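J.: Residues in the sequence shown are numbered from 3 upward in steps of one, following our numbering.
Simulated from the structure, these hints should not be mistaken for laboratory data.
Note that the structure is predicted; figures quoted are calculated from it, not measured.
Mixed in with the good hints, there may be bad ones.
[Said to hold, decoys possible] Dumping the calculated EDC-like pairs for lysine to aspartate or glutamate here, alpha-carbon to alpha-carbon at most 16 Å:
{"#": "1", "residue 1": "Lys174", "residue 2": "Glu199"}
{"#": "2", "residue 1": "Lys140", "residue 2": "Glu95"}
{"#": "3", "residue 1": "Lys90", "residue 2": "Asp120"}
{"#": "4", "residue 1": "Lys140", "residue 2": "Asp109"}
{"#": "5", "residue 1": "Lys140", "residue 2": "Asp83"}
{"#": "6", "residue 1": "Lys140", "residue 2": "Asp89"}
{"#": "7", "residue 1": "Lys140", "residue 2": "Glu160"}
[To be verified] What follows is a set of in silico ranges between Cβ atoms, one per label pair, in the way DEER data are often shown:
{"#": "8", "residue 1": "Gln70", "residue 2": "Asp152", "range": "36 to 46 Å"}
{"#": "9", "residue 1": "Ser25", "residue 2": "Phe225", "range": "37 to 47 Å"}
{"#": "10", "residue 1": "Phe13", "residue 2": "Phe225", "range": "14 to 24 Å"}
Built from N, CA and C at the ideal position, the CB exists for glycine as well.
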Amino acid sequence: MIDFTNVTRRFGSKTAVDDLSLSVRSGEVFALLGPNGAGKTTAIKMLVGLLRPNSGTVSVFGNDLVRQTRQAVAHIGYIPDQPFLYDKLSGREFLDFVGDMRGLDRDTRRQRIARECDNFDLGEFIDNLTETYSHGMKQRLVFASALLHDPAALVIDEPMVGLDPRRMRLVKDLLQQRAGEGAVVLMSTHTLAVAEEIADRIGIVDHGHLHFNGTIEQLRDKFPARHNSLESLFLEMTNGNNHP
Numbered sequence: 003m004i005d006f007t008n009v010t011r012r013f014g015s016k017t018a019v020d021d022l023s024l025s026v027r028s029g030e031v032f033a034l035l036g037p038n039g040a041g042k043t044t045a046i047k048m049l050v051g052l053l054r055p056n057s058g059t060v061s062v063f064g065n066d067l068v069r070q071t072r073q074a075v076a077h078i079g080y081i082p083d084q085p086f087l088y089d090k091l092s093g094r095e096f097l098d099f100v101g102d103m104r105g106l107d108r109d110t111r112r113q114r115i116a117r118e119c120d121n122f123d124l125g126e127f128i129d130n131l132t133e134t135y136s137h138g139m140k141q142r143l144v145f146a147s148a149l150l151h152d153p154a155a156l157v158i159d160e161p162m163v164g165l166d167p168r169r170m171r172l173v174k175d176l177l178q179q180r181a182g183e184g185a186v187v188l189m190s191t192h193t194l195a196v197a198e199e200i201a202d203r204i205g206i207v208d209h210g211h212l213h214f215n216g217t218i219e220q221l222r223d224k225f226p227a228r229h230n231s232l233e234s235l236f237l238e239m240t241n242g243n244n245h246p
């Protein structure tokens, strides 16, 4: 379970997230949608412990991200929108480092690395330095690193950036599979078609406020006979001022 309770985050005079309350359950794929600057990435950074809220609480499986940071982040696999790697490590060395940081023993690390190399087709470049990787290759490696410790919560900021259609299909299937196995999956995305295809619920944020939280069918019920596609519904909810 992921919980935001009356969470506010300010940067100087700008309020990036304003009194956000939101729960995401185990076994659910939840998509957070909103225009650029809506507050999605700020919310995610608070969820993974990179930012602290000015007020309110963020918790993962009952662990407060401020007071119980280690316990909370132990449950999380995080894929940021801009993958960060160590250029002078090979992909295998990077995964081994991440697994060690997650407390996995050597044999378990070896098994998990082999598993994720197979899942994400990393074999052809896993022993090359990551400085030689394309953006898509880096994204696949970061996905693999986030799954090494079999997290109970997956948090993804723009999951499809840099991925080709085949890997996009793989990631969509993987997210649904993880949710089907009981994990919590929260993603922010500009790719509305992905949210429409795999999300059990969506949240629409704009100017730091959560304007909608529910299923796409519930969103359609708010605008009967006026809109059908998620794109048109999204633009209606955000006043059409910003495009995703």
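J.: Confirm or reject each hint.
T.: Checked hints:
A distance of roughly 9 Å separates the Cα atoms of Lys174 and Glu199; the hinted pair therefore holds under the 16 Å criterion. A C-alpha spacing of about 14 Å is found between Lys140 and Glu95, which places the hinted pair at or below 16 Å, so the restraint holds. Between Lys90 and Asp120 the alpha-carbon distance is near 23 Å, which puts this suggested pair outside the 16 Å criterion. For the suggested pair Lys140 and Asp109, the alpha carbons sit about 24 Å apart, so the restraint of at most 16 Å is broken.
Using a Cα cut-off of 16 Å, the hinted pair Lys140 and Asp83 holds, with the two alpha carbons roughly 11 Å apart. At most 16 Å may separate the alpha-carbon atoms for a hinted pair to count; Lys140 and Asp89 meet this at roughly 11 Å. In summary, the hint linking Lys140 to Glu160 is supported, as the alpha carbons are separated by about 14 Å, within the 16 Å threshold. At roughly 20 Å, the beta carbons of Gln70 and Asp152 sit outside the given window of 36 to 46 Å.
A hinted range of 37 to 47 Å for the beta carbons of Ser25 and Phe225 is inconsistent with their spacing of about 25 Å. Restraint check, Phe13 to Phe225: a C-beta distance of roughly 33 Å breaks the suggested window 14 to 24 Å.
Checked against the numbered hints above, the structure breaks hints 3, 4, 8, 9, 10 and satisfies the rest.
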